[in-house]
Amino acid sequence: NDYRIPTNLGKNYEKTDKEQSLNYYQMAFVRSLDQHAKEYALDIARKMISIDPSQIDKHLRNIEAATINSSADESHDLYAFLLKSQEKNDVDSMPSIVKIIKVALHNNVVLSAQIFLLIKAYRHIYQDHELLEDFLIHSRLLSEVKNKRENRQAKDFFNTIELFEKYIQFRQ
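All letters in the sequence shown, in the order written, are residues 1 to 172 by my numbering.
In case anyone wonders, no lab produced these hints; they're calculated from the structure.
Check each hint, because a few of them may be wrong.
To be verified - SDA-like, lysine to any residue: derived pairs with alpha carbons at most 20 Å apart:
hint, residue 1, residue 2
1, Lys155, Asn107
2, Lys155, His76
3, Lys58, Tyr40
4, Lys18, Asp73
5, Lys155, His138
6, Lys155, Val98
7, Lys38, Met27
8, Lys58, Ile119
Stated by the list, open to error - Label pairs and their computed distance ranges (CB to CB):
hint, residue 1, residue 2, range
9, Asp134, Asn8, 31 to 41 Å
10, Ile51, Lys99, 15 to 25 Å
11, His106, Lys38, 18 to 28 Å
12, Ser71, Val30, 46 to 56 Å
13, Glu39, Glu87, 24 to 34 Å
14, Ile137, Ser54, 13 to 23 Å
15, Leu9, Asn69, 44 to 54 Å
16, Ala37, His124, 38 to 48 Å
17, Asp134, Leu9, 46 to 56 Å
This structure is a prediction, so every number in the text was calculated from the model and none was measured.
Where is the CB? At the ideal position from N, CA and C, for every residue including glycine.
Please model the entire structure based on the sequences and the hints provided.
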């Protein structure tokens, strides 16, 4: 049940078999959580994101598992790390960026600095929509970016995003 053994195996396979490496790291991640080695689990989660940032759903599940009963700050770091991993893929990652931010908000983690990325993603996804800018304004999404309050609630952001998505999908 030691989590260090699959970690070492994961390291051995990193350069030769990425999928096998991720399988071993996932095993180490689960074992470290079972053994209450939370910091180790968080490090393994970051490692898996670095190896293959495209497995968004898997990474989101791991973040939720590793940060259950944690402070928003601990969760914030992992969500921000996953979000940053998507910036490199730019165009292909726009739907993933939206998903990560929405899941983080659903879990009461406000990634306020990344709201710019969210708007960039929406502008890319809905680039052909004639009323895109009107809906960004009407939903209050653009005003959220300009709002400098530090005590913004995750549910407020989430509601703003839901409002935008409701408007934009209604008019497609």
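Do the hints match the structure? See the list:
1. Straight-line distance between C-alpha atoms of Lys155 and Asn107 comes to about 9 Å, which keeps the hinted pair within the 20 Å bound.
2. Taking the CA atoms of Lys155 and His76, the gap is near 15 Å; set against the 20 Å cutoff, the hint holds.
3. A C-alpha spacing of about 18 Å is found between Lys58 and Tyr40, which places the hinted pair at or below 20 Å, so the restraint holds.
4. Taking the CA atoms of Lys18 and Asp73, the gap is about 30 Å. The hint is violated against a cut of 20 Å.
5. At roughly 18 Å between alpha-carbon atoms, Lys155 and His138 fall within 20 Å of each other, so this suggested pair holds.
6. Of the pairs offered as hints, the one joining Lys155 and Val98 holds, with about 15 Å between alpha carbons and a cut-off of 20 Å not exceeded.
7. Proposed proximity of Lys38 and Met27 is supported: the alpha carbons are some 14 Å apart, at most 20 Å.
8. Restraint check for Lys58 and Ile119: the C-alpha separation of about 24 Å exceeds 20 Å, so the hint is violated.
9. A C-beta distance of roughly 55 Å is found between Asp134 and Asn8, which places it outside the suggested range of 31 to 41 Å.
10. Checked against the hint of 15 to 25 Å, the C-beta distance between Ile51 and Lys99 comes to roughly 20 Å, which is consistent with it.
11. As the Cβ distance of His106 to Lys38 is approximately 21 Å, the hint placing it in 18 to 28 Å holds.
12. A hinted range of 46 to 56 Å is violated for the C-beta pair Ser71 and Val30, which are about 22 Å apart.
13. Against the hinted window of 24 to 34 Å, the Cβ-Cβ separation of Glu39 and Glu87 comes to about 25 Å, which satisfies the hint.
14. Here the CB-CB span from Ile137 to Ser54 is close to 33 Å, at odds with the stated 13 to 23 Å.
15. The hinted range of 44 to 54 Å is not satisfied by Leu9 and Asn69, whose Cβ atoms lie roughly 29 Å apart.
16. Against the hinted window of 38 to 48 Å, the Cβ-Cβ separation of Ala37 and His124 comes to about 39 Å, which satisfies the hint.
17. Taking the beta carbon of each, Asp134 and Leu9 are about 54 Å apart, inside 46 to 56 Å as hinted.
Of the hints listed earlier, those the structure fails to meet are numbers 4, 8, 9, 12, 14, 15, in rising order.
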